[in-house]
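With the sequences and hints as input, model every part of the structure.
Just so you know, the sequences run in chain order A and B.
Every position in the first sequence, counted from 1, becomes a number in our numbering once 2 is added.
Every position in the second sequence, counted from 1, becomes a number in our numbering once 2 is added.
Among these hints, one or two may not hold up.
To be verified - Lysine-lysine pairs mimicking DSS-like chemistry, simulated, CA-CA at most 30 Å apart:
id, chain 1, residue 1, chain 2, residue 2
1, A, K58, A, K73
2, A, K108, B, K15
3, B, K15, A, K58
4, A, K108, B, K28
5, A, K58, B, K28
6, A, K44, A, K108
7, A, K70, B, K15
8, B, K15, B, K28
9, A, K73, A, K108
10, A, K58, A, K44
11, A, K70, A, K108
12, A, K70, A, K58
13, A, K108, A, K58
Said to hold, decoys possible - For the chain B half of the interface with chain A, some residues (derived, Cβ under 7 Å), not all of them:
id, residue
14, P45
15, Y103
16, F104
Just so you know, the hints here were simulated from the structure itself, not pulled from any lab data.
The beta carbon of each residue, even a glycine, is placed where N, CA and C say it ideally should be.
Take a look at the letters that make up each chain.
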Amino acid sequence: GESVGLHLPTLSVQEGDNSIINCAYSNSASDYFIWYKQESGKGPQFIIDIRSNMDKRQGQRVTVLLNKTVKHLSLQIAATQPGDSAVYFCAERAIDQAGTALIFGKGTTLSVSS
Amino acid sequence: DAGVTQSPTHLIKTRGQQVTLRCSPKSGHDTVSWYQQALGQGPQFIFQYYEEEERQRGNFPDRFSGHQFPNYSSELNVNALLLGDSALYLCASSSGFGTQYFGPGTRLTVL
Numbered sequence: 003g004e005s006v007g008l009h010l011p012t013l014s015v016q017e018g019d020n021s022i023i024n025c026a027y028s029n030s031a032s033d034y035f036i037w038y039k040q041e042s043g044k045g046p047q048f049i050i051d052i053r054s055n056m057d058k059r060q061g062q063r064v065t066v067l068l069n070k071t072v073k074h075l076s077l078q079i080a081a082t083q084p085g086d087s088a089v090y091f092c093a094e095r096a097i098d099q100a101g102t103a104l105i106f107g108k109g110t111t112l113s114v115s116s
Numbered sequence: 003d004a005g006v007t008q009s010p011t012h013l014i015k016t017r018g019q020q021v022t023l024r025c026s027p028k029s030g031h032d033t034v035s036w037y038q039q040a041l042g043q044g045p046q047f048i049f050q051y052y053e054e055e056e057r058q059r060g061n062f063p064d065r066f067s068g069h070q071f072p073n074y075s076s077e078l079n080v081n082a083l084l085l086g087d088s089a090l091y092l093c094a095s096s097s098g099f100g101t102q103y104f105g106p107g108t109r110l111t112v113l
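As structure tokens, then:
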């Protein structure tokens, strides 16, 4: 089974709104989390990451929040634009002394209408 | 600075055939990971190469094998193709245990 999943498969917002995409993870031992954006026909694009010793990290127009108590991760996008329309995946890094495999959920499709 | 590149872009094979996919990592990266992404799903980890050795493997059969070359580029080989192997194959590169950056993928169709 998958240890990372997203609460909603789709999210529709209006241009200019703030978007919040949620993710639940099950492995409390994971130490690193990443959000990727995937546009149709392309590979996942790194957005932002956060380590387990942090609870918030900000980038340009994006903020990631980590709540380790309830094993929840969220991605906030400010002033959402049509170009933000894509599938968003959260991924966790499995703790393994050998490597750094990422475990992905199924993704949330964000649709932005103007 | 070129990012992760993959070839070919698309590939069509028939059941039972063998396929080789190629990946060149981002400049300065020494670790290559391969993922399989079925339609509508998140990527699934196949294996990871570092210093020309497979250092971690996901839950994929032995039909899936790989190689990493001294210049850090990598190949993914799949033998005895099945219809279920049809997917987008993604390569990601990183510097050691750092952030993984993905290439555009190779779309494999098995008929």
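To see whether the hints hold, each was checked on the structure:
| no. | hint | in the structure |
| --- | --- | --- |
| 1 | A:K58 - A:K73 | holds (14 Å) |
| 2 | A:K108 - B:K15 | holds (27 Å) |
| 3 | B:K15 - A:K58 | violated (46 Å) |
| 4 | A:K108 - B:K28 | holds (26 Å) |
| 5 | A:K58 - B:K28 | holds (28 Å) |
| 6 | A:K44 - A:K108 | holds (16 Å) |
| 7 | A:K70 - B:K15 | violated (45 Å) |
| 8 | B:K15 - B:K28 | holds (28 Å) |
| 9 | A:K73 - A:K108 | holds (17 Å) |
| 10 | A:K58 - A:K44 | holds (28 Å) |
| 11 | A:K70 - A:K108 | holds (21 Å) |
| 12 | A:K70 - A:K58 | holds (11 Å) |
| 13 | A:K108 - A:K58 | holds (23 Å) |
| 14 | P45 | holds (5 Å) |
| 15 | Y103 | holds (6 Å) |
| 16 | F104 | holds (4 Å) |
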